[in-house]
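Working from the sequences, and respecting the hints, build out all of it.
Protein chains in written order, with numbering that gives the first Met the number 0: chain U, 0 to 290; chain H, 0 to 290; chain Z, 0 to 290; chain F, 0 to 290.
None of these hints come from the bench; they were simulated from the model. Heads up, a few of these hints could be off.
For identical chains, the list gives no copy identity; a pair is met inside one copy or between any two copies.
As the list claims (entries may be wrong) - No farther apart than 27 Å at their CA atoms in a straight line, the calculated lysine-lysine pairs in the BS3-like style are these:
no., residue 1, residue 2
1, K34, K1
2, K129, K215
3, K225, K286
4, K1, K108
Number of protein chains: 4
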Amino acid sequence: MKVGFIGLGQMGHGMASNLLQAGHDVTVYNRSPGKDDDLVARGAHKAASIAEVCSGDAVMTMLAEDKAAEHVALGAGGIVANLAKSAIHISSSTISVALSERLTAAHAKAGQRFVSAPVFGRPDAAAAGKLFVAAAGAEAALQDCAPLLEAIGQRTIVLSSTPSAANLVKLSGNFLIASVIESLGEAMALVGKGGIDLHAYVDLLTSTLFPAPIYKTYGGLIAAGKFEPAGFAAPLGQKDIRLTLAAAENLNVAMPVASLLRDRFLTLMANGGETLDWSAIGRLAAKDSGQ
Amino acid sequence: MKVGFIGLGQMGHGMASNLLQAGHDVTVYNRSPGKDDDLVARGAHKAASIAEVCSGDAVMTMLAEDKAAEHVALGAGGIVANLAKSAIHISSSTISVALSERLTAAHAKAGQRFVSAPVFGRPDAAAAGKLFVAAAGAEAALQDCAPLLEAIGQRTIVLSSTPSAANLVKLSGNFLIASVIESLGEAMALVGKGGIDLHAYVDLLTSTLFPAPIYKTYGGLIAAGKFEPAGFAAPLGQKDIRLTLAAAENLNVAMPVASLLRDRFLTLMANGGETLDWSAIGRLAAKDSGQ
Amino acid sequence: MKVGFIGLGQMGHGMASNLLQAGHDVTVYNRSPGKDDDLVARGAHKAASIAEVCSGDAVMTMLAEDKAAEHVALGAGGIVANLAKSAIHISSSTISVALSERLTAAHAKAGQRFVSAPVFGRPDAAAAGKLFVAAAGAEAALQDCAPLLEAIGQRTIVLSSTPSAANLVKLSGNFLIASVIESLGEAMALVGKGGIDLHAYVDLLTSTLFPAPIYKTYGGLIAAGKFEPAGFAAPLGQKDIRLTLAAAENLNVAMPVASLLRDRFLTLMANGGETLDWSAIGRLAAKDSGQ
Amino acid sequence: MKVGFIGLGQMGHGMASNLLQAGHDVTVYNRSPGKDDDLVARGAHKAASIAEVCSGDAVMTMLAEDKAAEHVALGAGGIVANLAKSAIHISSSTISVALSERLTAAHAKAGQRFVSAPVFGRPDAAAAGKLFVAAAGAEAALQDCAPLLEAIGQRTIVLSSTPSAANLVKLSGNFLIASVIESLGEAMALVGKGGIDLHAYVDLLTSTLFPAPIYKTYGGLIAAGKFEPAGFAAPLGQKDIRLTLAAAENLNVAMPVASLLRDRFLTLMANGGETLDWSAIGRLAAKDSGQ
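Encoded structure:
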C-alpha cells in the first residue's frame, strides 16, 4: 500500500522500517531532521510537508502526546485538511480518549476514515516488528489497513468498532504497568527493610509467581535504584496516569490505585524526577521508610 | 529421611504424597480423620498424637493460620515438647513474622532446629511436586532438610539464615497477588464501563504485557464475576494482608496499596464476602462505578 | 462608588443588595430575567448588556464556574472589551487558579485592574453582609475597592498581591470542608455500626472538640441521611476538588485526602448523586460497611 | 463518696484534684512516687497498694494505654481481685474497645460494676474540672457515680448502656482530630507552595470556616513547624489510630482516611518522629512536595 508515516521517534522509526521491509510504498515525515536518512536510503520517500505525507491510501502517526497529535491532525495544513476522501488515518500514539473521539468526528466530517491502533511493546519490539497492536475502528477500515498493522506487529487484536476504545485499553495497560511498579516498590521496601537481598527477591518472584518481563525489568531497576537513563521518562508515565484518570472521570469510575499513582508522580516531580525513568516512583515507599 | 507431616489439607496432602514418592519414611498426622487413607495405603505410618509424628529427624507442618500453628508447635503436648534434640521443624505454613520469630526462639531453647519454608503454588502444583520453596534458616539445617524440600518443589530458593525472613517474603508475595487483583479490578471497571468486552481484554493483556498465570486466572474470574467456589477464600486473603501490614508496622514501612487492600477486604466482608474467592475484591471498583 | 454587578444567584443577590444598602451606585446584570426586580425597586440600575454594566469604576462578578466566568470576562463583548482603563474587575467567583491568572494578564494588557475576592459564607451570610472576603491584588486596587468589599462582608483578609492566591485559598477552604465531611462520614460509619445514636454523637462532638458550624451542619445532614434539597450541589463540590487537584498538580503537591475525595465524588456520581448535597459523600463509608 | 484514683499523670492529677475539691473522700495511688504530695497535703489518703486504693465505693483509673490498664485491672492483686462487690470501676483511660469489653465481663463475673468514662480535653481542662465526660454503662451505675463525673467535668454525656461504646466514641474523636491535622497539612502544603503566608492562612481559617480551638492549635503548630516539646506524643496518636482501625476491623468498616493516617504515622516513625507531637504528621505533605 501507499502509506505515509509521521513521527520517527524511537518507536516510530522501527514501525516505519517494518512497513518498508514488508514491501509497502512508504513516505516519511518528521519535524526533526536526520531521523529518516536510513529509511530513505532503503527506498522511503521523503515528504517536505504534511500534505505530501498524506498523498497515499493511508497515513500512520506515532507521536508523543495529545498536543503534537492534535496539531498534526487538526491544525492548519494538517492531516484532516490534506488526506483524500476514504483514505485512512491510523493513529498509534498514546493519546487521550477525548482526542481520539475528536479525531474520529473530524475525519468522518471530512469523508475520511480513522483507525486507532496503539501498540504494546518497547523500542526493540518495534524494531523487530513484534509489537502487539490494539486496533479499533470500522470493520472495513480495519480490513483495509490490516496489511499495515501486520507489518508492524506480531498480532493485531481488534477491540471495538469505536476507535477511542483502543485508546482506553492502551491507557489502562500503562496504568497496570505503573501499578506493578508501585506494588513492587512497596513489597521491596518491606522485604528490603527486613534484610532480604533485593536482587534475590526479584529473582524469586520472576521465577515463580510473576514470570513476566515487566516484573523482571522493573523489579531489577528498583532493586538497583538505577533510573537513568530513562527508558520511559517519568513525565510520560505521569501523563498516561493523567489521561487514565481523565477517561475514568468521564465514565464516573473511581480508581484508587490510579489516584495513588498520581500522587506518587507528583512527589517524584517535586523531588527532581523530571529526567528519571518512570519506575523511580517504585523507590518512594523505601524512601518514606527511611531506607 | 524419617519425617513427620502435620496438616493434610489441599496443599499438605500433595506435599506429603511427594515426600512418600521420593522414598522418605513418612508419618502423617491430621486432626480431621480420613485425610490420610490413601497415603497410609501407599506406605505412610499413621500417628495417633503429635508426640508420635515427632519421632523422626524432622517434622513438617502445613497449617492454615497462626492460631493452629501456634497450638500445634507451642501448645501442651506439641512439637517443641516432643521433638528430639537437633531434629528439625520445617514450617511451610503462611504464618506471621512474629510467630516465626517465637518458634525460632522456642526451638532454639529446646535444643531443636527450626527452618521456615513457605511455598508458592496452588494445590495442583503441590500434588505435582512443582512448588517453589522459599527457605530460610541456619545453613546446616537447610542442608540437612534439603532432600525433603527437593521432594516437594521444583526449586528451593534460600533467602536468609533468619527463618522469619522467608515468612516475610511469602506474605509479600501474597500482597503482590492481591495488588494485581485490585489493579485488574480497577482497569476492568474502566474498560468495561467504556464498552470493551472483558474476556477479550484479559486475552489481550495476557498475550502481551502480562503473560503470567496469575493475570489469566484472576482476570478470568473478575471478567466472569464468578467467585464461588473459592480457590483461596477471602478471609484467608484478608488474613495475609493483615499479617503483611503487621510486619510492615513493626518495620515502620508505609504500604498504601496494602492499606487499600485492607479496606477492600473489609468492604467485601461487610457485604457477604465470607465464602467468596479473595479475587472478589476485584469486583468492588466496578460496583462502585454503578456496574 | 459606581459599581456594576454580574451574577444574581443565591450568593450574588445578597451581595448586590448590600452594595446598594451601603449607598453605592449599583448597576445589575443577569442572564436570567426577574432576579433583579427587587434590587431595581430599591434603586439599582438595570443593564441590558455587559457593556452597560461595565460603565462604572468597578464591576463585581459572582458566577458559578470557570466556563461562565471566562465567557463573561474574556468573550466577545465581555468585561475586558468594555471596562474603562484603570477600572477594576472584582471577581468573587470560585474559579480555577489558572483562569484567575489568565484574567490578571488580560486585564493588565487592557490597562485595567483585577482583584480576586472570593468569599466564605453561605447565602444567609451573603444576605446579611456577613461574608468573609479573601482578597488579593495590587495594593492600590485593593484600597480603591475596599468600600465595596466592606459592604458585602464582616471582614476583609488581604492575602497577597497576586490575585490568584485568593483563589487558591478559597479552593483549599472548600477542600477542608469536604475533608471534614469525609472524616465525619467515616467516624459515623464506625460509631453507627457500633450502636451509637448518630444525633447524640454529633451533639457530643459539637459540644466538645468541634464547636464549629460546619461540624454541626454536615454532621446533622449525615446523621439524618438527608441530602435533598442540596444546599451546595455535589457537582459543584466535585468541581472544587477538581480545581484544587489541578492547582496542586501545577505546584507538584500530592494531596492524598483530596484524591480520596475525588474518588468519593466519582462513586457518588455513578450512583445517582447529581442532585444531592455534596455532603452525601459522607454516607459512602456507611454504605460500604453494609449500613 | 469514698473513691480511689489510679494514674496521676498530667490528666489524672487534675481529675483527682477536682474530686478532692468537690468534697469526696479520695485515696490516691501511683506507681511513680512524688506525684501525690500536693494531693495528700490537701487531704487525700495515700494508698500503698491497689488493694488499698480499692477499698471505697468506686475506683477511677486514668492510664496511658491498654497494657497498663490491663495490668492494673486484671493482673494479680489488681482491681478485679480487690474491689468490693457492687463497687464501681470507672475507667477514663483511652483504651481499646476489646479491652473495655473484657473489663466489663471480668467485673460482672466478680459481682462488681464497670463504667467507661473517657474524657475530652487537655491537661488544663482537667485541672479546671472542665472536661467533657463521655460515659457508658448500666443506668444505675451511671447514677451512682454521677457525683464523681460531675466533679471532673463540665458536662457528662451518656452514650450507651454498653461501656465499650464510650471507648469507641473516644477513639473516633481522636481519629477526627488526626484527620484535621492531615487535611490542614495538605492544605498548607498547597497554599504554602503557592506563596501564601501560613500564619495568615491559619488566622483566616479560624476566623471564618473553622472557629474551633483544634484548628487554631494544630494549624499554628504546623505553620511554625514546631513539634517539640510534644503536647501529645506521636506514638500515642499512632496508638489511637491503631485502636480505631482495630475497632473498625471488628465491625467491618473501611475507613480510608484512618488508613492514610496509619501510613503517615509509620512514615513519621521511620524518620525520627518518636519524640515529636503527633501533629508532626501535618508536615509530611509539605515535605513530599519538596518544601
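Going through the hints against the structure:
1. K34 - K1: within (20 Å within a copy, 63 Å between copies)
2. K129 - K215: The answer is both: 19 Å in one copy and 21 Å across copies each meet 27 Å.
3. K225 - K286: Both. Shortest intra-copy (14 Å) and inter-copy (23 Å) distances satisfy the 27 Å Cα cut-off.
4. K1 - K108: within (23 Å within a copy, 50 Å between copies)
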